[in-house]
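Residue numbers (this note's numbering), protein chains in the order written: chain W, 64 to 336; chain B, 318 to 445; chain L, 7 to 127.
All the pointers check out, no bait thrown in.
Label pairs and their in silico Cβ distance ranges: (1) Ser190/W - Ile424/B: 45 to 55 Å; (2) Trp119/L - Glu172/W: 49 to 59 Å; (3) Val434/B - His86/W: 43 to 53 Å; (4) Ile424/B - Cys126/W: 38 to 48 Å; (5) His358/B - Gly149/W: 43 to 53 Å; (6) Ile404/B - Leu69/L: 20 to 30 Å; (7) Cys126/W - Val383/B: 47 to 57 Å; (8) Ile424/B - Phe215/W: 28 to 38 Å; (9) Arg49/L - Val435/B: 14 to 24 Å; (10) Asp194/W - Ile404/B: 44 to 54 Å; (11) His414/B - Ala320/W: 46 to 56 Å.
Partner residues are not named here, just some residues of chain B that face chain W (Cβ under 8 Å, in silico): (12) Phe338; (13) Tyr341; (14) Ile402.
Calculated directly from the structure, the hints in this document are not laboratory data. For every residue, glycine included, the Cβ atom is placed at its ideal position computed from N, Cα and C.
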Amino acid sequence: MTDTKPITFRIRRYDPDVDTIPHWEEHKLNVPDGMTVLEALHEIKAEQAPTLAWRSSCRMGVCGSCGMFINHLPMLACQTQVLHLGTDVVTVAPLPNYDNVKDLVPNLEPLIQKHAAIKPFIILSNSKEIDEPTGEFIQTPEQRDEYSQFTFCIKCGLCLAACPTVATDPLFLGPQALAQAYRYTVDNRDCGLQERLEAIDAFHGLYQCHMAGACSQACPKGVDPAFGIQLLKRTLVLDSIGFGKKKSSLARVMPLADVVKAIEEFAPPPRTV
Amino acid sequence: MGLKRDVSLMTALRYKGQGPFLTYILHRIGGMGMAIFITIHILATFVEGRGWKIGDVIGDIYISPVFQIFVIFCVLFHAINGMRITILDLFPGLILHHRRAIMIEWIIFIVLYSFAVVTIITTAIGRL
Amino acid sequence: MRETRLWSLHILVIPVIAVLLGMHFAVQHYAPVFYGMSVEKARDFATMIERGKSTAQFVVYILLLAAGLYHGLYGTRGIIRELPLSPALAKVVDWGILTVGVLIFALGTYVTWWTFVHPGV
Numbered sequence: 064m065t066d067t068k069p070i071t072f073r074i075r076r077y078d079p080d081v082d083t084i085p086h087w088e089e090h091k092l093n094v095p096d097g098m099t100v101l102e103a104l105h106e107i108k109a110e111q112a113p114t115l116a117w118r119s120s121c122r123m124g125v126c127g128s129c130g131m132f133i134n135h136l137p138m139l140a141c142q143t144q145v146l147h148l149g150t151d152v153v154t155v156a157p158l159p160n161y162d163n164v165k166d167l168v169p170n171l172e173p174l175i176q177k178h179a180a181i182k183p184f185i186i187l188s189n190s191k192e193i194d195e196p197t198g199e200f201i202q203t204p205e206q207r208d209e210y211s212q213f214t215f216c217i218k219c220g221l222c223l224a225a226c227p228t229v230a231t232d233p234l235f236l237g238p239q240a241l242a243q244a245y246r247y248t249v250d251n252r253d254c255g256l257q258e259r260l261e262a263i264d265a266f267h268g269l270y271q272c273h274m275a276g277a278c279s280q281a282c283p284k285g286v287d288p289a290f291g292i293q294l295l296k297r298t299l300v301l302d303s304i305g306f307g308k309k310k311s312s313l314a315r316v317m318p319l320a321d322v323v324k325a326i327e328e329f330a331p332p333p334r335t336v
Numbered sequence: 318m319g320l321k322r323d324v325s326l327m328t329a330l331r332y333k334g335q336g337p338f339l340t341y342i343l344h345r346i347g348g349m350g351m352a353i354f355i356t357i358h359i360l361a362t363f364v365e366g367r368g369w370k371i372g373d374v375i376g377d378i379y380i381s382p383v384f385q386i387f388v389i390f391c392v393l394f395h396a397i398n399g400m401r402i403t404i405l406d407l408f409p410g411l412i413l414h415h416r417r418a419i420m421i422e423w424i425i426f427i428v429l430y431s432f433a434v435v436t437i438i439t440t441a442i443g444r445l
Numbered sequence: 007m008r009e010t011r012l013w014s015l016h017i018l019v020i021p022v023i024a025v026l027l028g029m030h031f032a033v034q035h036y037a038p039v040f041y042g043m044s045v046e047k048a049r050d051f052a053t054m055i056e057r058g059k060s061t062a063q064f065v066v067y068i069l070l071l072a073a074g075l076y077h078g079l080y081g082t083r084g085i086i087r088e089l090p091l092s093p094a095l096a097k098v099v100d101w102g103i104l105t106v107g108v109l110i111f112a113l114g115t116y117v118t119w120w121t122f123v124h125p126g127v
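Excised from the complex, chain W in its bound form:
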């Protein structure tokens, strides 16, 4: 039988149909080594608190659904082992800086709206290229490496929960949106910086970041949004004084005929069976 340790889980409960204010509930569980907070919540729900609500999905840190405030820090519940927290009492609350829907479920609408505000898609200089493509875009591994770490974002919202500026200024775009703005701006296929300026170069945009760095500390995927924000500041400042990079999506199109030739060059070997 595996050794277990008795842990008390102090969980924030709130049912909008019943409660006017949230309250805390304590549940004791014998936790074996390796059990994550998410697994513990499943156990508690199965045996002690059947109405407990939270969001989760993949259980392996790729969907970003299970972001919670665990021992006063934003973490993914599926990636946090209970015994690694090192405390006999584990507090679990919904992410701060978001409205609370129920129990441990935050309303992530602000995260999604802010993300949409920065137009998180490739914006081409020639929009005809989308409907009538003349070829494939060329991107070297070095060009991809410039933004690839920012593509690790799983939109878990932990960075906005950690950000002290979001806590005081709910309209602040936040580290997730700004890091993604950089991801698309620096992509050599994208020419959409001017279109994104309305959101980024506003008062509640880029320059409300005061370099607390809590976002990068909280990020479970190593995106380092604070780094993205710094790079975006540099990009915008250089652009404002005329030293920005001039980009044209069309310049990097490989004509279709060359694409076909490349495919033929790398065709698989003939079948042997």
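Starting from the known structure of chain W, fit chains B and L onto it as the hints suggest.
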């Protein structure tokens, strides 16, 4: 939207964002402290030239070691933390060493602030 | 690019403030080290008026006033604008801060000029 959030202001202020959050809050306190001090400072120089009584009151506040310790805290912390932020703004690659930079910043601040506080207190004791 | 330019200026004035404020500190608070003068003498009204006649001090003080005011008021604007304000009220805050800045700059410039032209004690 944010005003309806479930976390009270007190909880938000007590949020344990650790080192980076603390430096952010102290940077703001330092900045506001300096803004108020400098406004009074400029008005005080205007008043002193006219020999108004309010100038004596302001002078008494300036002489107070508690006031001086608070003002030097605001100036030193805001300046040193601001320097860290500026360096990280200019050299984004250094963000990898963000936490180390905060530690170095605290060491520099504690050394300079201790020196200033000792000077202020010994001067105040000397005046007694 | 308005916010970018405002923020860039906020950063650019930092070394200006660091140098000029350092000079101000050296004169006001470290007079025994740099001038062999007691702190009380350095802050004496007559000494201050004597120092104020220097063109270099006049220029330094005006620059320090402008740089410090801009930096401080930009930061203050950042804090006030974080409150939930309507767009109209946000504009009022911006213009209000600009007005306060201009007034304090005018007052500080007047004091500095007054010292510069003072006949002496």
